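**Student:** Residue numbers (the numbering used here), protein chains in the order written: chain A, 22 to 127; chain B, 15 to 271.
If you are wondering where the hints come from, they were derived from the structure by calculation, not from laboratory data.
Being a predicted model, the structure only gives us computed values, none of them experimental.
Glycine included, each C-beta is placed from N, C-alpha and C at the ideal position.
Hints should not be assumed to be uniformly reliable.
Below, simulated SDA-like cross-link-like pairs (lysine to any residue); rule was C-alpha separation at most 20 angstroms, straight line [unchecked claim]: (1) B/K87 / A/Q117; (2) B/K259 / A/E116; (3) B/K222 / A/R77; (4) A/K70 / B/K87; (5) B/K222 / A/H73; (6) B/K222 / A/H75; (7) B/K222 / A/E78; (8) B/K87 / A/V102; (9) A/K70 / B/L176; (10) B/K251 / A/Y109; (11) A/K70 / B/T221; (12) B/K87 / A/F105; (13) B/K252 / A/L114; (14) B/K87 / B/V137; (15) A/K70 / B/V204; (16) A/K59 / B/L217; (17) B/K252 / A/S113; (18) A/K70 / B/K259; (19) A/K59 / B/K82; (20) A/K70 / B/K82; (21) A/K70 / B/K251; (22) B/K211 / A/S113; (23) B/K251 / A/M98; (24) A/K70 / B/K252; (25) B/K251 / A/S113; (26) B/K211 / A/H75; (27) B/K222 / A/G76; (28) B/K211 / A/H73; (29) B/K252 / A/Q117; (30) B/K259 / A/S113; (31) B/K87 / A/E116; (32) A/K70 / B/V137; (33) B/K82 / A/L114; (34) A/K70 / B/K222; (35) A/K59 / B/I228.
Residues from chain A that face chain B, not an exhaustive set, calculated with beta carbons under 7 angstroms [stated by the list, open to error]: (36) Q61; (37) S66; (38) H73; (39) H75; (40) Y110.
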Amino acid sequence: MKTSGRSTLCLCAGCALLLVLLLIPAFMPLNASESGAKWQGVDESVVEKVAHEHGREIHTPLINTDQGDLLLFVFLMAGVVGGFTAGYYWKSLTEQKEVQTRTGGE
Amino acid sequence: MTTMKRSGLKSLVVLFLAAAIGLLASTPAHAMHISEGILPFGWCVFWFAVATPFVALALRRLKRDSGKDLAFKPLVGLMAAAVFIISCVPVPVPTAGTCSHPCGTAMSAILLGPLVSVLVATVALLIQALFLAHGGLSTLGANIASMGIVGSFSGFIVFRLLRGAGANLSVSGFFAGLIADWATYLTTSVTLALALKGTDAFLPLATKIAIAFIPTQLPLGILEGAMTAGMVVLLHKKRPDLLVKMRVIKATQGVSP
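Bound conformation, chain B alone (with noise of 0.2 angstroms):
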């Protein structure tokens, strides 16, 4: 009981101060989120009317899977707190001379799915839009559009791809990670280029901007990939069961990765 104690204690003291250094190693920048009144009124209502039936969806998913297992909330909790802190942490790129984050959101779709990891991104969103001066409320559906739509779903998507095709569980994390990062920057782009092209043509301006990203998060999708592969195998040690339950792994999986 007290190793079993000083273990999970072990563990806390390490997530807190893992937290606390990211938050703290730099001055907080924003990245991917789009801020207060860089979106026009009219596709500020367009990406909330995209993102809100996801939205929907995934609370009741909440609330059905909730009900099921006991693990699923406590594995929700851990996943909202990490694609919070993840989403918040200012990472340091030499290459550009820039900073960025990544977005987590390819972990907590693999580990929760991508309905329920939309959830989980927007309330990352809301909080960062309302207290850290992060995003913004009018852009707060173009946000969750690409950071927990896109970046959920394409991370699950190529999961599953990978796992399908026979690879193991840390290179499927991997470029789940990887991909989920990109799509969420490209979506980005794709938003902005939409809503600013004004006369312009779309494709140049789109390009331009995925073009001004990528010596920021083509690093950072790399790191975005070796954190989602780390917690999948981690969760996979710790708990392998929870795995099957989640229908990552199947039950015949759950000893080897």
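So that you can see chain A by itself, here it is in the shape it has in the complex (with noise of 0.2 angstroms):
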């Protein structure tokens, strides 16, 4: 009960640390990357950039999520199955062993 308190607590420790980590800069003065653009990927400001300057650009995606806020409800929904998925497959992982542990077995 301790440990698996324990964990949680570091579970949740984790989770601010990385909450802090993405919100921090956002009140941080920033050293703005060349293209002037603030917090682009560094797809943008670095392959497209190199690709642009050789005479290559970006085509359309097959399937075309980068239109206004359809791309955040994609990344939403990733978010909540990619959460979930993990969640239930560590939950699976964590209770084999309590179950082994009560039971004595392998």
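Assembly of the complex is requested from the two constituent chains, each provided in isolation within its own frame, with the hints serving as guidance.
**Tutor:** Right, dumping it as structure tokens:
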């Protein structure tokens, strides 16, 4: 029980740290990337820039979800499905151990 | 039983919240993924040819290992979800003013082996290319090569070397994550330079791209190292027997990290 509580605490602390890492930069004066746009992905600031310099341009994806808020919706769905899947399997793995410990089996 | 259920539920809620916060905290951005159209056709075919044998071998390994141990499938499921989420999360790097994402492949390679980790990365990259406008179908082979193959194998080799040298789990996990992240982006630089150089020299262009990645990936590699070490240590605390079965640690090391 004690160990389980400590692990949950560790997980919570990890999540809090992740949140801080994600939020702190929003309040900091930043050294903007060379292209001037804030928080661009390195694919835009590096990969696409180099590709453009060498005459290659990106094409529209087969299923183009990068339109308006559609991409936010798809990312939210990805977070929901991925988060629940990870949680489900984590629970399944840790429960297996608890059952093994209680039955004394392998 | 109630305590067990509550503890499991807590873990599930925390993981779900972490994933949701991560994916929503900033605008979706892409990083090591090479987008559709950037690579010429010949290079797309080349990278598919490189990636295919690894994916085929990984499928064989998955089939073989999942029959051996009941805990293998849930672990693969956990790692697949984790790698998918981690490689979608755009992390803002204040020193560079850009966003990028960790890869998570070192973690899956340590826990599942590098081959199955390639498969896990392939699934994550395929879903991202299809539905998240992240990467591309024509560049999938190149993205598998950098994130899946190089990320997994470099992380796994560094972890094993450090464990062999007597380093503890957290130190080995940290450096495995760090090197896997940097190696992934170095491979992306090489991939781009090879495909885009034209008549120019390869090395200056590859160096230029790699240097451009440094301000973002230097701190992100450290974050990836911390995440990898955290996951390995957490699993060691929760399921040391599983790490023994996956040959991450020896049976004699099962009690202390």
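**Student:** Does each hint fit the structure? Answer for all of them.
**Tutor:** Here is how each hint holds up against the structure:
no. : hint            : verdict
1   : B/K87 / A/Q117  : holds (12 angstroms)
2   : B/K259 / A/E116 : holds (17 angstroms)
3   : B/K222 / A/R77  : holds (17 angstroms)
4   : A/K70 / B/K87   : violated (41 angstroms)
5   : B/K222 / A/H73  : holds (15 angstroms)
6   : B/K222 / A/H75  : holds (13 angstroms)
7   : B/K222 / A/E78  : holds (19 angstroms)
8   : B/K87 / A/V102  : holds (18 angstroms)
9   : A/K70 / B/L176  : violated (37 angstroms)
10  : B/K251 / A/Y109 : holds (19 angstroms)
11  : A/K70 / B/T221  : holds (15 angstroms)
12  : B/K87 / A/F105  : holds (16 angstroms)
13  : B/K252 / A/L114 : holds (9 angstroms)
14  : B/K87 / B/V137  : holds (15 angstroms)
15  : A/K70 / B/V204  : holds (16 angstroms)
16  : A/K59 / B/L217  : violated (30 angstroms)
17  : B/K252 / A/S113 : holds (12 angstroms)
18  : A/K70 / B/K259  : violated (46 angstroms)
19  : A/K59 / B/K82   : violated (49 angstroms)
20  : A/K70 / B/K82   : violated (48 angstroms)
21  : A/K70 / B/K251  : violated (45 angstroms)
22  : B/K211 / A/S113 : violated (49 angstroms)
23  : B/K251 / A/M98  : violated (31 angstroms)
24  : A/K70 / B/K252  : violated (45 angstroms)
25  : B/K251 / A/S113 : holds (16 angstroms)
26  : B/K211 / A/H75  : holds (7 angstroms)
27  : B/K222 / A/G76  : holds (17 angstroms)
28  : B/K211 / A/H73  : holds (12 angstroms)
29  : B/K252 / A/Q117 : holds (11 angstroms)
30  : B/K259 / A/S113 : holds (17 angstroms)
31  : B/K87 / A/E116  : holds (14 angstroms)
32  : A/K70 / B/V137  : violated (27 angstroms)
33  : B/K82 / A/L114  : holds (16 angstroms)
34  : A/K70 / B/K222  : holds (12 angstroms)
35  : A/K59 / B/I228  : holds (17 angstroms)
36  : Q61             : holds (5 angstroms)
37  : S66             : holds (5 angstroms)
38  : H73             : violated (9 angstroms)
39  : H75             : holds (4 angstroms)
40  : Y110            : holds (4 angstroms)
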